[in-house]
Amino acid sequence: MTNTIIWTIAIITVLGVLLALVLFLVAKKFRVEEDPRIDEVEKVMPGANCGGCGFAGCRAFAEAAVKAPNLDDNYCPVGGNDVMAKVAAILGYEVKAKAPQVAVVRCNGTCEARPRLNEYDGFASCAVKAALYSGDTGCSYGCLGCGDCVAACSFGALSMDPATGLPVVDEEKCTACGACAKACPKRIIELRPKGPRGMREYVSCVNRDKGPVAKRACANACIGCGLCAKTCTHEAIVMEGNIAYIDPAKCKLCRECEAVCPTGAIHGVNFPKPLDKDAVKARIAERKKKAAEAAKEAAHE
Amino acid sequence: MSKMIVSPSPHIHSKDSTRSLMLDVVIALMPAVLCSFVFYGWREILVMAVSVVSCLLLEWAITRFLLKKPSTLCDLSAVVTGILLALNLPYTTPWWVVFIGAVVAIGVAKMTFGGLGQNIWNPALVGRVFLLVSFPTYMTTWSMPQGLFGADAITGATPLGVINEGLMGGASVKDIMAQHGYDYGQMLFANLGGSAGEVCAIALLLGFVYLCCRRVIKPWITLTIFATVALTALIFWGVNPDRFTGPVFNLLTGGLILGACFMATDYVTSPMSVWGGVIFGVGIGFLTMMIRYFGSYPEGVSFAILIMNSFVPLINRAFHQKKFGRK
Amino acid sequence: MSKRSFAIGGVHPHDNKIARDCRIEALPLPPTVYLSVAQHIGAPSVPVVAPGDKVKVGQVIAEPGGFVSAYIHSSVSGTVKSVGPRADLAGRPVTHIEIAVEGDEWLEGIDTTDTLVTEIPADNKAIIEKVRQAGVVGLGGATFPTHVKLSPPPGSKCERVIINGCECEPYLTSDFRVLLEKGEQVVVGAAILSQVMGNVPCTIAIEENKPEAIAHIREVIAKLGFGCVDVMELKMRYPQGSEKQLIDAVMHRQVGSGGLPISVGAVVQNVGTALAVYDAVQKNKPLVDNVITVTGECFPKQANLQVRVGTPFTYIADCLGGVPADAAKAISGGPMMGKAIANLEASTVKGTSALLFLSEKQTRRAPETACIRCGKCADACPMGLEPFLLQKLSRSQDVEALEANAAQDCIECGCCLFSCPAHIPLLDIIRTGKGLALGAIRARAAAAKAAAEAAKK
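In the order they appear, the protein sequences are chains A, B and C. Each residue of the first sequence is one higher than the last, beginning at 1 in the working numbering. Each residue of the second sequence is one higher than the last, beginning at 1 in the working numbering. Each residue of the third sequence is one higher than the last, beginning at 1 in the working numbering.
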């Protein structure tokens, strides 16, 4: 009996030692030389593996960041400046702080404003629908409403609003990884700077048709009238092929464009007070009057 | 004019639906069900009712309360599982044992994996094997029935069980068969003793032919099982007819026909390609015979099917359809 | 001899040829036609007319925009009203030439009589040039410019011309009626094609559900005495009219992945194309009209109409009593591969074969349920693919696996979606996967080409 026990213990011990030796040798032989900083960088990453940086995941980003000579082309939109500062500290690089961004849906063709002309009965995917035809409304540029962006978001920041048929971005959850913008076949979603205290102004339409055509398709469409561009005193608005675009870098959030837009295509969000259109319009009229007077005087002199 | 529908092509659909296919399976099972009612009487009707109702109830409850998904009762797959489970049990099984079988079949084998289409093993078979292992007494002793509404009679064992026991006692196959008066004609039409579904081979085959004609299933799997069983039995029986039972006996007993026609051909748990199906069938046939000849259980079909079910993902991976214009 | 068919897969939808007994009638001219510049596969044509120009029937109004492109001729006589974007049947803006119809004056030199011309000109180059000048494109669905198909790449040899008279799509009867009523012209067209391809034999393939057409064409061949043309009766099975499947059925040869029919020595032309070739070569008549089946159980009147290219769908429907109230879907083409019409104001193109109306009950898709792994899609796939697997890979956008499982071979016939008992929109999803796989293959080919060129330098 005792013999058996002793033998068992002996065999198992010898076996254990032998196997440990084999493991040790194999590990040594097949050891992959890796920059230890990759692990360090990976540790400070958010770990969402969303691909927002353009790499397959956080590990791939870490590898690329360690290999690169600087951090100019590598930025983790999810972690933002905090994470990038940590990465920079590990690698000894400089990092340019970027303004935090958020996904913005540039379509406000609600069910009411944009009547459905036909009914789509295929697979509920914007990509499939876009490949088939121009969509179930008269607007061939607007949101298709099948929610490919919602499916693409790995942070649960997007949801479809059943009342409007449009996606809604939860600014708290949005990390500006850009997955939704890539998934949208109509390229409606844009990453824009969040703005001071989240305040920002943008044109919520991408319809490039001429005014009357766009208007017929959707009551809320940008008709390319250019009123906003004429009104803007900061040269922040450019007209590109029948649509206005507000450059967030130049916009001073005066909300004058929003007030003059005849179709309500320009949206301002997170402002503390609702827009008093009449007051702003009066202000613009006042300014124009003064300018006209000044011009008259200048002409006199 | 109302709004026109727009969708990618094609714009029409065949009449097939999951529900219609399952309904065809139910129809195909009807001869066997009716035969079991006729031979075993009201107690079999009770087993069948408990089995089907509890399968439906469990499926409904699980989709409603656990998965919180729309109900899948309409696809009739739970009805098929219920009928198959009942056909795999002896008519004397107490109602609560049947219920436990249903819990294992629907709750464990089907819904745990995500419901119809996701399960690895045939639900009814998992239920049956669970009962076979847990309640061997109820599952292996049979009372000889006395027809519709008749009283119970002699307690006995299945032909396979009898032979297994006899062989262990040292008797030869021929002696045992003669002693118990087994006769192939009787087995084909009224194989008394065993699971309810095994009672009438002709009824089962009728259902199988119906399914093939309706193109619900393809016959390859079933036919290869039959062929493999017959061939294996022929070889062993040819070598030693005293020790091993013959091909006809093996084809007609132990739920082989029920298993080969209705359980092995279950879409979800069988390979999709023709050659995959053949491999699957050969595996089931061979394993069945090995278990029957050398295992401690007298029967092997259920185990063989479940074992081969486990290989289906691998078989599907290895055997693909022949692609057009490619070698 | 047993009837032939293709080797793998296929389905048997009810053929519903309810318009089969309607004779071809000419549709009255519409007040205005809209001719798209993108009526064919390849580069869009370039308009050569301006608003205010007077045009006659058969006059060139747009020239080819490249080698794989086609001439477009005015299908009516009248005044060009505008040249500009107009929504096509999918609602997408495409350049159209709008012509207001005034009378019906044909260009000189076009033979509009019914006299049959059986004498085939000897110069093949001249024939191909005539076909090109007449703007003939494949009318079987893909609208590939015919002159390109008739000029096979050097080194390849055609062994047989196949005239596709399968019309395997349910409801469609235009090819059937053409075979019956213009059989002589089709046979002469087929003889022309066989001569152009190097005096090879020519087979007119017709499915068994059109026995009248088979008998009639056999009679015509015997009467006209074209020894090179014969008729083959095929089993009824969808998608027999698909090029690859048809070659498999007729010649028992399978075109490889990404290959052209000519790689196995076959050239396939549609019945309508053969007729257009006859018109172009023998009558100098460009492709300005085609036969369109207007049908559907919910549609009050069935018809096979000779329609000028560019006629609005609404005009066609109105001529036959308007769009019925219970029509839920309008389709340009057959129910298996046709395109749903989102914009009925759109006009016909050269390749339009039918205007089909389906009721809600016939066409509404049932809700998707779980895959039961029945394998019916794989059984149905004529390319031997596994749609259940491809749809999974398409959903996860696994490009490598999609390519390995031959998603790029999908011919989009719709058999998988048609047969799926779980109503999974297989083809809808696989199309995106096919796009991904094809994109990867093209990108690789482009990269290899660039590398080869760089190596040369």
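There's no promise every hint is true.
[To be verified] Residues of chain B placed beyond 12 Å of chain C at every Cβ, according to the derived structure:
{"no.": "1", "residue": "LEU66"}
{"no.": "2", "residue": "VAL133"}
{"no.": "3", "residue": "PHE135"}
{"no.": "4", "residue": "ALA227"}
{"no.": "5", "residue": "LEU234"}
{"no.": "6", "residue": "TRP237"}
[Said to hold, decoys possible] Here are the simulated lysine to aspartate or glutamate pairs, DMTMM-like style, with alpha carbons at most 20 Å apart:
{"no.": "7", "chain 1": "B", "residue 1": "LYS69", "chain 2": "C", "residue 2": "ASP111"}
{"no.": "8", "chain 1": "B", "residue 1": "LYS3", "chain 2": "C", "residue 2": "GLU360"}
{"no.": "9", "chain 1": "B", "residue 1": "LYS15", "chain 2": "C", "residue 2": "GLU453"}
I should point out that these hints are in silico values taken from the structure, not numbers from a laboratory. These figures come from a predicted structure and were not determined experimentally. Every residue gets a Cβ at the ideal spot worked out from N, C-alpha and C, and that includes glycine.
> Holds or violated: are the alpha carbons of LYS3/B and GLU360/C at most 20 Å from each other?
Replying inline: Roughly 11 Å separates the two Cα atoms, so the pair holds.
> Are LYS15/B and GLU453/C close enough, with their CA atoms no more than 20 Å apart?
Replying inline: 55 Å, violated
> With d taken as the least Cβ-Cβ distance between TRP237/B and chain C, does d exceed 12 Å?
Replying inline: Holds, because the least Cβ-Cβ distance between TRP237/B and chain C comes to about 35 Å, which exceeds 12 Å.
> For PHE135/B, is the shortest beta carbon distance to chain C beyond 12 Å?
Replying inline: 31 Å, holds
> Regarding the pair LYS69/B and ASP111/C, is the alpha-carbon distance no greater than 20 Å?
Replying inline: Given pair LYS69/B, ASP111/C is violated - Cα atoms ~68 Å apart, limit 20 Å.
>> Is the claim that ALA227/B lies outside the interface with chain C correct, judged by CB distances over 12 Å?
In response: 21 Å, holds
>> Please check whether the beta-carbon of VAL133/B is more than 12 Å away from every beta-carbon in chain C.
In response: Non-interface label stands for VAL133/B: nearest chain C Cβ at 27 Å, farther than 12 Å.
> Would you say LEU234/B is clear of chain C, with no C-beta pair closer than or equal to 12 Å?
Replying inline: 31 Å, holds
> Would you say LEU66/B is clear of chain C, with no C-beta pair closer than or equal to 12 Å?
Replying inline: Given a closest Cβ separation of 16 Å, the condition holds.
Taken one by one, the earlier hints fail for this structure at numbers 7 and 9, listed in ascending order.
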